[in-house]
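Listed here are the chains, written in short residue letters.
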Amino acid sequence: MLKGKWVFKVKDELDKVGNSTTRHKARLCFMGSRQIRRLEFNETFAPVANFTTIRCILAMTAANGWELHQMDVKTAFLNGELDEEVYMGQPEGYVDPTYPEKVCRLLQALYGLKQATKMWYAKLDDFLKSQGFDNIDADACLHLQMDDGEIIIIVLVYVHDLLLVGSSMEAIDKIKKALR
Amino acid sequence: MKELGEAKVILGLEISRHKTLRTLKLSQGKYAARVLEKFGMAECNTIATRLEVGLQMAKSEKSSESLPYRKAVGSLMYLIVGTRPDLAFSVVKLSRVVLGCGKEHWAAVTRVLRHVKESVAKGLVYNKSASSILQGFSDADWACDYETRRSTTGFMFIFGGAAVSWASKLQKTVALFIVEAEHMALCEASKEAVWLDKLIQRVTMLVTQSDN
Numbered sequence: 000m001l002k003g004k005w006v007f008k009v010k011d012e013l014d015k016v017g018n019s020t021t022r023h024k025a026r027l028c029f030m031g032s033r034q035i036r037r038l039e040f041n042e043t044f045a046p047v048a049n050f051t052t053i054r055c056i057l058a059m060t061a062a063n064g065w066e067l068h069q070m071d072v073k074t075a076f077l078n079g080e081l082d083e084e085v086y087m088g089q090p091e092g093y094v095d096p097t098y099p100e101k102v103c104r105l106l107q108a109l110y111g112l113k114q115a116t117k118m119w120y121a122k123l124d125d126f127l128k129s130q131g132f133d134n135i136d137a138d139a140c141l142h143l144q145m146d147d148g149e150i151i152i153i154v155l156v157y158v159h160d161l162l163l164v165g166s167s168m169e170a171i172d173k174i175k176k177a178l179r
Numbered sequence: 000m001k002e003l004g005e006a007k008v009i010l011g012l013e014i015s016r017h018k019t020l021r022t023l024k025l026s027q028g029k030y031a032a033r034v035l036e037k038f039g040m041a042e043c044n045t046i047a048t049r050l051e052v053g054l055q056m057a058k059s060e061k062s063s064e065s066l067p068y069r070k071a072v073g074s075l076m077y078l079i080v081g082t083r084p085d086l087a088f089s090v091v092k093l094s095r096v097v098l099g100c101g102k103e104h105w106a107a108v109t110r111v112l113r114h115v116k117e118s119v120a121k122g123l124v125y126n127k128s129a130s131s132i133l134q135g136f137s138d139a140d141w142a143c144d145y146e147t148r149r150s151t152t153g154f155m156f157i158f159g160g161a162a163v164s165w166a167s168k169l170q171k172t173v174a175l176f177i178v179e180a181e182h183m184a185l186c187e188a189s190k191e192a193v194w195l196d197k198l199i200q201r202v203t204m205l206v207t208q209s210d211n
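Protein chains in written order, with numbering that gives the first Met the number 0: chain B, 0 to 179; chain R, 0 to 211.
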């Protein structure tokens, strides 16, 4: 059983109207550096797209005049679902006064958890497969789909950055809708 | 899920397209400018070449830790990974002496930075008119590593009008004659070619199917 830790960050940024604002971010992180191998985590590998793959796809995009869009997944790692049993102490400030000694079992990944990257990739991969995308042997992060022999969609995954390539705007819109 | 519209920057690589001409340029101008800024080279004089010809790099006896040598080499590395195959040989060569870097090595790094300043807007331009055949080139120098006498492999693959894959690495064993060094380079390049061919075949297969 390990503890979670609050991480606070003050971010200066521009809001939608262009005024500078300060955003205070709080994020509950898991102290993954103290996780025990084989007990609280097994594998932690997660693939990312190869730069060469990205360049090849961009070269084809240019030659065929395909559409090229991108998306960003917010708080990507929180979406992963856990296979292993991992427990965490109640987070500071949210301790149940009647049962302060109880612990939480994590069902979804947290930032800082060693397997967070793998679990996030597994979830995204499952989702893309359920949408009819094919993985190719050459690069695990390249997902392809062909529709009615006409529309092609390619999704390149780099952790939480998605590069969407489609032979038409409809194809792009379709996959964007599905991803939402 | 955040909608970012048409892709403009991916992993620090800037994408600019010309749809009617069907060209796509990939560059790292902003990143390069930031690197120059970081090492106080934003206003430096430019230079046309990256390294002195036949430069021999021996490790210094004591490494001067006060110089941001590692940082500079590391920052330049990302340019190689992204869009600058032309810098690969010189930066990889410089990276071999990070453990014993002296003033003369730092001078070589600043020379590369001055060249980056000159070529800051350069990038890879993919276009339609270029041949869609994958072309590969491989070469080796012979026993040019000053300390180990190992040779350097270099290869590059061109697809759609610009480079898609490249490398410059020190070979693992000593080559006794130039042909051996060239063969080792060719072997590395062939391995890359097999993989690239598989990747491109799989994607273009879909395209040709879809044209029917």
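Calculated directly from the structure, the hints in this document are not laboratory data.
Everything numeric in this text was worked out from a predicted model, so none of it was measured.
C-beta atoms are modelled at their ideal positions from N, C-alpha and C, and glycine is treated no differently.
Any given hint could be a false lead.
What the hints assert, rightly or not - The following label-pair restraints were derived from C-beta to C-beta distances:
hint, chain 1, residue 1, chain 2, residue 2, range
1, R, Leu66, B, Pro90, 41 to 47 Å
2, B, Thr21, R, Lys197, 35 to 41 Å
3, R, Ser128, B, Lys4, 54 to 60 Å
4, R, Ala47, B, Lys2, 42 to 48 Å
5, B, Lys10, R, Gly28, 23 to 29 Å
6, R, Lys197, B, Ala25, 56 to 62 Å
Consistency of beta-carbon spacing, B:Lys2 to R:Ala47, with hint 42 to 48 Å: 57 Å, violated
Does the Cβ distance between R:Ser128 and B:Lys4 fall inside 54 to 60 Å? Given range 54 to 60 Å: holds, Cβ gap about 56 Å.
Do the beta carbons of B:Thr21 and R:Lys197 sit within 35 to 41 Å of each other? 50 Å, violated
For the range 56 to 62 Å, tell me whether the beta carbons of R:Lys197 and B:Ala25 fit it or not. 46 Å, violated
Hint check for B:Pro90 and R:Leu66 - Cβ pair distance inside 41 to 47 Å: 44 Å, holds
Honestly, do B:Lys10 and R:Gly28 meet the 23 to 29 Å range at C-beta? 26 Å, holds
Hints 2, 4 and 6, counting from the list given before, are not met by this structure.
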